[in-house]
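**Student:** Now for the letters of each chain:
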Amino acid sequence: MDIYIAQYNAISRYSLHNGEIIEENITAEPEYETVLDPRSMRRLSKILKMGLYTSLLAIRNIKINGIICATSLGCTYDTYAFLNNLVERKENLLTPTPFIQSTHNTLAGTLGIITDNHGYNMTWSNRIFSFFDALEDAISRIMLKKGNTFLVTAADEMPENIASIIQLMPFSTTANLKGEGSSSFVLSNTYSPGSLQILSTEIMPISILDNHLSQLSSSTHIINTHPTYKCSPSPNHHDLIHTTRSMIDDAFGLCIACQYADFLKQDTDIAIEIICLSGDNENASVIQLKK
Amino acid sequence: MEDLIQELKEKLIAQLNLKHLTPESIDENEPLFGTGLGLDSIDALEIIVMMENDYGIKLDNQNEAREVFTSVHSIAEYIQKHRMHG
Amino acid sequence: MAKNRVVITGMGIYSPLGKGLVANHTSLYENRHGISNISILQTRLSDILPAGEIKCSNDELRAGTRFTSNYIPRSVLLSTFAIEEALDQAGLLTHKNIDLYYATTVGGIDISENLVESRLQGNEVDYAGFQYHDCGASSSLLGDYYGFTGRRYAISTACSSSANCIGKAAQDILTGKSMYALAGGADALCRFTLNGFNSLMILDKDLSNPMDNRRRGLNLGEAAAFLILESETNAIERGATILGYVSGYGNTNDSHHQTASSEIGIGAQLAMCAALKDAGLQPKDISYINAHGTGTINNDLSEGNAVQEVFEKVPPIASTKSYTGHTLAASGSVEAIFSVLSLQYNEVYPSLRFGEAIEGHRFASFSECYSTEVQHVLSNALGFGGNCSSLIFSKA
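Chains L, E and X, in that order, are what the protein sequence lines are. First residue of the first sequence? That's 50 in our numbering, and the numbers climb one at a time after it. First residue of the second sequence? That's 102 in our numbering, and the numbers climb one at a time after it. First residue of the third sequence? That's 956 in our numbering, and the numbers climb one at a time after it.
What the hints contain is simulated information worked out from the structure, not anything from laboratory work. Any given hint could turn out to be false.
Unchecked claim - Chain E stretches covered by chain L per the calculated footprint, using a threshold of three residues with CB under 8 Å from any CB of chain L: (1) 125 to 131; (2) 171 to 182.
Said to hold, decoys possible - Part of the chain E face toward chain L, derived, beta carbon under 8 Å: (3) Gln107; (4) Lys112; (5) Leu119; (6) His121.
Claimed, not checked - Estimated spans, in silico, between C-beta atoms of each pair: (7) Glu165(E) <-> Glu1311(X): 20 to 26 Å; (8) Val977(X) <-> Asp161(E): 41 to 47 Å; (9) Gln997(X) <-> Asp161(E): 24 to 30 Å; (10) Asn1025(X) <-> Leu65(L): 43 to 49 Å; (11) Leu65(L) <-> Asp141(E): 53 to 59 Å; (12) Glu1192(X) <-> Asn260(L): 29 to 35 Å; (13) Glu140(L) <-> Gly157(E): 33 to 39 Å; (14) Arg184(E) <-> Ile1219(X): 38 to 44 Å; (15) Gly243(L) <-> Glu1192(X): 45 to 51 Å; (16) Asn1301(X) <-> Lys194(L): 34 to 40 Å; (17) Thr136(E) <-> Arg138(L): 28 to 34 Å; (18) Ser1012(X) <-> Arg184(E): 44 to 50 Å; (19) Asn1052(X) <-> Leu217(L): 20 to 26 Å; (20) Gly1102(X) <-> Glu251(L): 19 to 25 Å.
Glycine included, every Cβ here is placed at the ideal spot set by N, Cα and C.
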């Protein structure tokens, strides 16, 4: 069974202009009112607004069988707001809204409500592998014939106070600064013109990554969002990480891969092969794509 | 009573994040829940907290709150009544 | 060729009923709950709200592990005992190629909340203490602690988290993606959740009365519980003792409200039906339902409505949260273990303190443990965000 990315959307600091991948220092926010109901937006934290926005755009005109979300740090704004309230009011009379919205699965749950979807609903939260695990989950659901189409959305927010806490931590962790955003994909077993196919997903030790990549054809493009690993110099190899990063950069990388494949396909009928790379100090996640 | 109603409108807008509204746009007799302003059960909890924090009035559960909170006017009346006894 | 099945070969638990399977089973059998006044967690609410608290400080817990840092989350410390027991029972203590499916809702927030308090009060803060705050940190810590070389996953779907870990692990065993899966979760009491649930006005100031018309709310609890899953073929080949089968899993969303269930419990209905279909069973095959049964007005009404919609004749149904309190992310795996104990001992565990059926329900729970033939147990886990998961466990 073949798996395709039918539609996608992202709020990301990466964009593609004439085949060149541009990274901004900050993630530009869209006008949410064009997609989200202004009345219900009033309570929403940034991660929820971003996640809902890209998800609703990605699923436009598509019926989905389930919703799978990924987040590395979850709803940090509301978590901190509730803690703030707890400390200030010394555990007296706390307002419930930030607590209600602090659970990691708030985005997935809210999407379920808005789309009236009673299907499979899951939230993965495992640092730099959150999105990869969610993607594999969607693929697995389709392969097990539990559905034909699944939404996968990765979202993370980085409010000021959380960013400042992370900056004060004495050593670098895989958490990082200001790379907030949201990236949504609809995975389907149905091909439609323009769909990028996911050929494989793999985790492998960093130690064998060089060898693995060297066996690819030289025309394969690599979109690399691994925090430390650098590809060998080549016009097809794009190392995307700059000083700003986030633990869901691989989701933004996949979105760029989709746009890049679209761009390249304008000029050729030959199959485009792309690899998306991410991971941590020990392991790399490798997604193989074809258009 | 007029001052209290104005104050309540401002507090509701602030507490419930009703940024798209102004005190002038809220009718004091308009239903708060369901139709009208369209508030929900989470807002009811927030109003309970506001009543206790700002007016010292304790409501024991959400159901009691929904009966009191039919409109801005009904909340104002409830506060006035309980303030007199408080 | 017979369809390969997923078996449970190890279980481990540390709950308010005690440390280990024997302690937990004894308490269940003897109708003895583990809910008390909060004495370990420092909170203004300790006088007001009873909870299923494990009476061990973090220092005491840590002393029984190889961890030395004060910043290791309490939920991770609890997990080490539970994981060790599960690995031991499965005969896998020295085995490294294990995939970890870990569930938590609050991760290391028990540590972070104290650090945030210091920060807000302008006191000195050791920011290194935040390093284990996120969910993935727990999974990583435990994977490293045991030297697991397999995949490490972390699922966070509120109260259905560990049920989803078990369900997902079972599916990966069936597809061959995983050979040995350690699935379960942990959550510890902390001021964040205590105050959070209190702000929703759904906590009971007394011992809770799940499944009862007089119910007033839930008691929180803390626990760690894990199961070892593998294929039946593999277990037989290596001579492992099979404790039970994971025969069905359903995951759906109620899609009604972030913190409340729809009155008809559509999400729960669909999850139970999906689990039954997955198991190839009919409602009449279920011997016992371990309900999510938190004791809140909303959940127990809604879940009961869902149950009686799916089950023409409702089997014995009860909530063991009357024993442990609501252990949040761990509740799925805690109650999975209780379900397997039910199968092993042919016993059904009650809703302690039950007295009066819920108005509108045509069935009633029961208040004391009793013996009966148990072939298949259905266990529900219904979380915030409308996440509904149902698991079916079958006799070995």
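**Student:** So, for every hint listed, does it hold in this structure?
**Tutor:** Now the hints, each set against the structure:
| no. | hint | result |
| --- | --- | --- |
| 1 | 125 to 131 | violated (count 0) |
| 2 | 171 to 182 | violated (count 0) |
| 3 | Gln107 | 21 Å, violated |
| 4 | Lys112 | 12 Å, violated |
| 5 | Leu119 | 6 Å, holds |
| 6 | His121 | 6 Å, holds |
| 7 | Glu165(E) <-> Glu1311(X): 20 to 26 Å | 23 Å, holds |
| 8 | Val977(X) <-> Asp161(E): 41 to 47 Å | 43 Å, holds |
| 9 | Gln997(X) <-> Asp161(E): 24 to 30 Å | 27 Å, holds |
| 10 | Asn1025(X) <-> Leu65(L): 43 to 49 Å | 47 Å, holds |
| 11 | Leu65(L) <-> Asp141(E): 53 to 59 Å | 41 Å, violated |
| 12 | Glu1192(X) <-> Asn260(L): 29 to 35 Å | 34 Å, holds |
| 13 | Glu140(L) <-> Gly157(E): 33 to 39 Å | 18 Å, violated |
| 14 | Arg184(E) <-> Ile1219(X): 38 to 44 Å | 42 Å, holds |
| 15 | Gly243(L) <-> Glu1192(X): 45 to 51 Å | 48 Å, holds |
| 16 | Asn1301(X) <-> Lys194(L): 34 to 40 Å | 36 Å, holds |
| 17 | Thr136(E) <-> Arg138(L): 28 to 34 Å | 33 Å, holds |
| 18 | Ser1012(X) <-> Arg184(E): 44 to 50 Å | 46 Å, holds |
| 19 | Asn1052(X) <-> Leu217(L): 20 to 26 Å | 38 Å, violated |
| 20 | Gly1102(X) <-> Glu251(L): 19 to 25 Å | 22 Å, holds |
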